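Q: Sequence:
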Amino acid sequence: MSSTLTRPAPSGAARESVAPRRRTRLLALPEARWAAAALALFLIALPLYLAGAPGWTWGTLFAAVYATGGWEPGWAGLRSLREKTLDVDLLMVVAALGAAAIGQVLDGALLIVIFATSGALEAIATARTADSVRGLLDLAPATATRVADDGTEETVPGERLAVGEIILVRPGERIGADGRVLDGAGEVDQATITGEPLPVAKAAGDEVFAGTLNGTGALRVKVERDPSDSVIARIVAMVEEASGTKAPTQLFIEKAEQRYSLGMVAATVALFVLPLLVGADLRSTLLRAMTFMIVASPCAVVLATMPPLLSAIANAGRHGVLVKSAVVMERLGQVDAVALDKTGTLTEGTPRVTDVRPLAGSGLPEDEVLRLAAAAEHPSEHPLARAIVDAARGRGLDIPLVRDFGSAPGTGVSATVEGRTVAVGSPARLPDGRTGGPAEEVAAALEVAAALEEEGRTAVLVTVDGRPAGVLGIADRLRDEAAATVAALGELAGTTPVLVTGDNPRAAARLAGEVGVDDVRAGLLPQDKVAAVREMERAGRKVLVVGDGVNDAPALAAAHTGIAMGRAGSDLALETADAVVVRDELATVPAVVRLSRRARRLVVQNLVIASVFITGLVIWDLAGTLPLPLGVAGHEGSTVIVGLNGLRLLADGAWRRARAGTDR
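Its first residue numbered 16, the sequence shown is counted upward by one per residue in this note's numbering.
FYI, nobody ran anything at the bench for these hints, they're computed from the structure.
The structure presented is a predicted model; accordingly, all values stated were derived computationally and were not measured.
If a hint is listed, it holds; no wrong ones were tucked in.
Now the in silico label distances, taken between C-beta atoms and shown as ranges: (1) A498 with R333: 20 to 30 angstroms; (2) G74 with L292: 29 to 39 angstroms; (3) R195 with R94: 47 to 57 angstroms; (4) T167 with R94: 56 to 66 angstroms; (5) R521 with A233: 28 to 38 angstroms; (6) V623 with G555: 26 to 36 angstroms; (7) R521 with E222: 18 to 28 angstroms; (8) R521 with D495: 16 to 26 angstroms; (9) L58 with L662: 14 to 24 angstroms; (10) G409 with Q620: 51 to 61 angstroms.
Even for Gly, the Cβ is constructed at its ideal location relative to N, Cα and C.
Modelling step: build the complete structure from the supplied sequences, incorporating the hints.
A: Laid out in structure tokens, this is it:
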């Protein structure tokens with residue numbers, strides 16, 4: 016054991032090495048500014064309208080609502096019309112203007128505000144995703160220490176590094192380029208790339224990645240990839256590509272908007288022009304055509320779709336799941352395959368001591384082995400050290416002060432504790448004879464360590480005065496609700512979820528066995544996770560991906576729907592995902608899927624109701640004489656009915672039923 020102290024950089028310094036997060040200001044987006052203006056004007060006009068103020072007061076304000084909130088979607092609709100397509104943007108503006116023309120100014124203004132706000136939220140989500148993608152590049156340090164052939168060191172911009180050059184990475188620094196270690200030893204936190212919960216020991220010949228954090232020991236690394244082709248750069252490219260090529264998504268009713276819009280416009284024109292050609296009265300013909308336009312307008316159809324989805328979004332938000340749009344809420348109910356990340360998703364993402372096994376020859380009880388190990392590890396900032404110290408404190412053990420603390424990268428630590436030399440580190444150091452313990456004690460320690468590693472634990476050896484005293488088992492703890500969530504998602508999707516992880520196969524297989532997953536894909540880099548998602552999609556599946564890390568972001572973007580775990584999730588994963596589990600409750604994932612399916616059924620119910628009303632009123636208008644006030648009443652009545660039906664999902668009972676396992 017080394018007698019020199021090789022201490023990692025303080026955590027604060029490590030944090031300072033990460034560039035500040037980039038974030039677009041909300042009001043920097045024109046869509047957000049216009050939507051905010053429309054909403055503010057609407058909120059000012061509404062009390063005046065309800066209080067019976069003079070018409071010019073609220074009328075002027077509502078007109079401003081139409082102008083501020085409607086000009087952008089209206090202009091977009093006109094551009095589409097120029098390209099010989101009629102989309103929902105123009106249709107909604109026409110519907111709002113039509114409502115105003117028959118005196119329903121409030122209804123039209125509300126429709127404009129809802130539509131403008133929806134467009135603003137979509138623009139904000141797009142901008143935030145772009146911010147996180149750009150910010151990911153900041154993980155790679157701006158500069159690196161390049162070592163010349165004569166041994167001199169030079170600080171150069173990271174993008175100027177070339178393949179074949181040598182860089183020096185000191186403790187606490189981020190690695191500047193993808194490459195291979197030439198000499199030195201250290202423990203590198205590469206969770207951003209692989210998702211592994213613990214730092215990985217690196218020595219000569221091992222591969223390292225740009226943007227990962229070197230914790231202990233200095234490394235000399237030979238650059239093997241151009242900075243523009245690093246794993247971090249490829250993650251950025253994959254997220255951008257997946258986001259850009261993802262199939263366009265539409266709400267249920269938008270899929271029929273072209274035919275419905277064209278049909279309604281054509282029918283209105285025909286209903287006005289054709290009778291005139293055969294000598295009909297202008298006034299009665301115009302009145303009938305106007306009545307037809309009103310009763311056939313899509314207001315009820317639009318409200319058939321939005322309230323159930325928005326109510327489901329609001330209900331999920333109250334219970335800790337942020338669903339980013341109505342489109343996402345609809346898509347959640349379509350999934351029929353699930354891919355789950357391991358670390359931070361099915362597990363808590365924090366190493367914990369799971370086993371304390373004293374060796375018979377040491378004569379020390381379990382608590383004493385843990386107490387001595389915690390004392391030796393107390394000065395260290397290694398994640399395993401923190402886990403050991405936390406375990407001792409959790410048992411109420413007193414942790415004594417130490418002297419002569421020393422650490423060696425990839426090996427462990429040593430210290431003098433109450434006059435005894437205590438070493439804590441990897442069991443791999445036993446075979447070289449440095450412990451000096453009897454052969455039978457060494458064999459017993461190796462046997463216990465092997466048994467723990469076979470169970471998927473990280474084995475940590477504790478020696479006292481050179482003799483093996485005990486072995487600690489450390490693992491990332493499984494979430495309490497993991498097995499139940501996997502079973503629920505399997506039932507909803509009709510197939511058992513797939514485990515996709517960058518962790519080692521043995522740890523992945525152990526966890527998969529505990530939660531009931533048969534298909535395990537371990538040791539995956541980000542591009543491998545995307546490939547797994549694409550493979551399932553080619554088989555006709557609509558894949559839900561649940562993850563939390565930077566390495567999960569490309570898969571979250573590529574999937575039919577992506578959900579990120581919020582508490583420890585990376586910025587990129589949170590912004591790329593379609594939904595975020597804010598409170599880190601894994602059991603809410605199947606609940607929100609069930610809620611989505613309930614919302615989709617209510618959408619269908621509402622469309623049937625709206626269709627019955629529209630069809631009945633249209634037939635009445637065409638076959639007989641439908642009075643305009645009655646047509647307006649029927650139109651508004653259907654709108655109210657479908658709106659109230661959709662609001663049923665606001666009730667807490669809807670969420671309770673979803674959590675309880677029924678989406679009926």
